[in-house]
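Trainee: Since chain X is already given, all that's left is putting chain S on it; use the hints.
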Amino acid sequence: MLVYSAKRLVRSLLTLIVIITVVFSLLRLMPVEGYFSNFEKMSEAQIQNGLRQMGLLDPLPVQLLGFFRQLVRGDLGVSNIYRMNVPITQIVAEKAPVSMLMGGMALCLSLVLGLPLGAAMARGKGRWLDKCGTAFVVLVQAVPSAVYYLIIQLYGTQLPGLPLPMLFRAENPLSWILPTFSLAIGNIAYYAMWLRRFMVDEMNKDYVTLARAKGVSSKRIIRSHIFRNAFVPLVQYLPTSFLITLMGSIYVESLYSVPGMGGLLVDVIQRQDNTVVQALVLIYASISIVGLLIGDLLMAVVDPRISLNKKEGAR
Amino acid sequence: MGLFHKKSAQLGDSLNAASARTLDALTPAEESELFTFAEYRPEDAEKTGFSGYSYWRSTLRVFTRNKMAMLLLGVIVALLLFTFIQPYLPGQRDPVYINNDENGIQLINLRPNGEYWFGTNSIGQDLWSRVWSGTRTSLFIGFSVALWEVLVGILIGVLWGYVRRLDFLFTELYNIVDNIPQTIVLILFSYILRPGVGTLIFAMCLTGWLTMARFVRNQIVIIRDRDYNLASRCLGTPTRRIIVRNLLPYLVSVIMMRVAMAVPLAIGNEVFVTYIGLGLPVSTPSLGNLINQGRMIMMNPSLQYQLVFPTVVLCVITVSFYIIGNAFADAADPKNHVF
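Going down the list, the sequences are from chains X and S.
Under the numbering used here, read the first sequence as residues 1 to 315, first letter to last.
Under the numbering used here, read the second sequence as residues 1 to 339, first letter to last.
Extracted from the complex, chain X is given alone in its bound form (with noise of 0.2 Å):
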């Protein structure tokens, strides 16, 4: 176990530097523009004396390792055109509280919905339930979520009876309620998904039927032996659905205009800031990195069936 933490932990720092050296060194290629808020204003002189000043006209190796040297002090750079010369980490610490706060209640709710759904599709197998079900998962499987997340901002905010605003206020209550049932529901689908399968997997095990021999009652049977079986390979999927909640935060909070980071992402690519899309490329990267460290580690520690260290099978 603790080889295997190791082990898994020296990947993801390897992944990291492997990722901050690509986008680092991919960056260098934009178009200088991207530093400069006004630009046009500017004479060729100036803006060769501003690139040196930012160290831009090093060979790229000095560059990428004055980089690294900034990002172990915890220095992320300025932004140049977002908000001119105020630190980067400044305007996330900003943005963050927010993104964070939206995902990890999306995830509850995910959860709280998700698994009662899979479980009672899988009781009703084959009844209506059931089939509602496996409907509203394949068509949320299969339409992109960008287009789903539409049609929720669209007729959600046109509900009879519930005024449900069409931007994000985060002092009123009301507004949250669209943007967080959007970055869930994907969740949701996914986890009723495999719940439902793996709950039927259960039920055509002996176990069940010798439960159901002596007589316990079906509910029983479903809560404390098929639905505990049934959860521990669903941890597996808990990092992908943490990556497809951060992911989808990046459209959603731009939709409702969430002062968060996802916004934030959208905004400084539309306006060409390169510093604070480097920054936020790299901050996306090692929460998900992160995230799947912990999935990968809980996943260790939830099931001690799963030989960590076979040859076969990636991950």
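Everything labelled a hint here was simulated from the structure, so no lab data went into it.
For clarity, every value in this text was computed on a predicted model and none was experimentally measured.
Some clues are possibly wrong.
[Stated by the list, open to error] Derived DSS-like pairs (lysine-lysine); straight-line CA-CA distance at most 30 Å:
id, chain 1, residue 1, chain 2, residue 2
1, X, K131, S, K67
2, X, K125, X, K205
3, S, K335, X, K205
4, S, K67, X, K95
Mentor: Chain S in isolation, oriented as in the chain X frame:
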């Protein structure tokens, strides 16, 4: 008793000698006489017992029994055909031409009518031809990405699974690269490169094949050392033949499934990238930028048709692909071939 013992020992020796000769001293010519590939002859096959089982016929039979999938297959084939013949039909307009009335005023935001079947958009372009042209672009992106994913995914997956020396290297590389979310790669590359169909395809092709390769690799590792493959190898079947005839047929259902998923996924990615402002320019209609343009005016109920038409076409395409893919994957699984 002693005599018998001696006799049998002698017999054993001579037998050993004989077998030693057969193993060591065979000339290549003799060896090739002993082992030859059996040719398939229908009459010989019938002698040992006849089975009318054909993999593809059974697959087709199971698939055609699925009414829903057949219906959607009809829909998608009709849609595909229509997308491609639409520009050649009489009376079609150019998707980027701005229509004016006789006084030279732009026909903007016309509701759907007899003249403009899907209406016109906010600068007076014909939405009907834009939707079909956009569908063409999106399907082109989708199919290109899916094709690349299958080709590269299978090739790398087979190498990774079958060649033991590569396994460690590839697995470690995979474990590092797989931690990078695809959306991030997509955003990064569309940000750096100039927006366009090629850029989008390139950015999606960069990472899409990874999942496919791992899938193929895991399957191959599982069935690589099954007895029939060992037997094949002992009989000297060339590796290529083992891979193509013994291993890949096992993967048909998985591969079809991935192809069917790759198309909607690519279209969805295109919509996403367009939304964050890195997609195709408006002069190249695609489902992504049509939906994005529709989004901007969606709060005006009388203009919602501009969002509805591309969205409906997109949903029909993605849902059909999803369901057909699942149905075909089920049908291609020999476990479901009941006689």
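Trainee: For every hint, state whether the structure bears it out.
Mentor: Comparing the hints with the structure gives:
no.: 1; hint: K131/X to K67/S; result: holds (16 Å)
no.: 2; hint: K125/X to K205/X; result: holds (16 Å)
no.: 3; hint: K335/S to K205/X; result: holds (19 Å)
no.: 4; hint: K67/S to K95/X; result: violated (50 Å)
When held up to the earlier numbered hints, the structure conflicts with hint 4 and nothing else.
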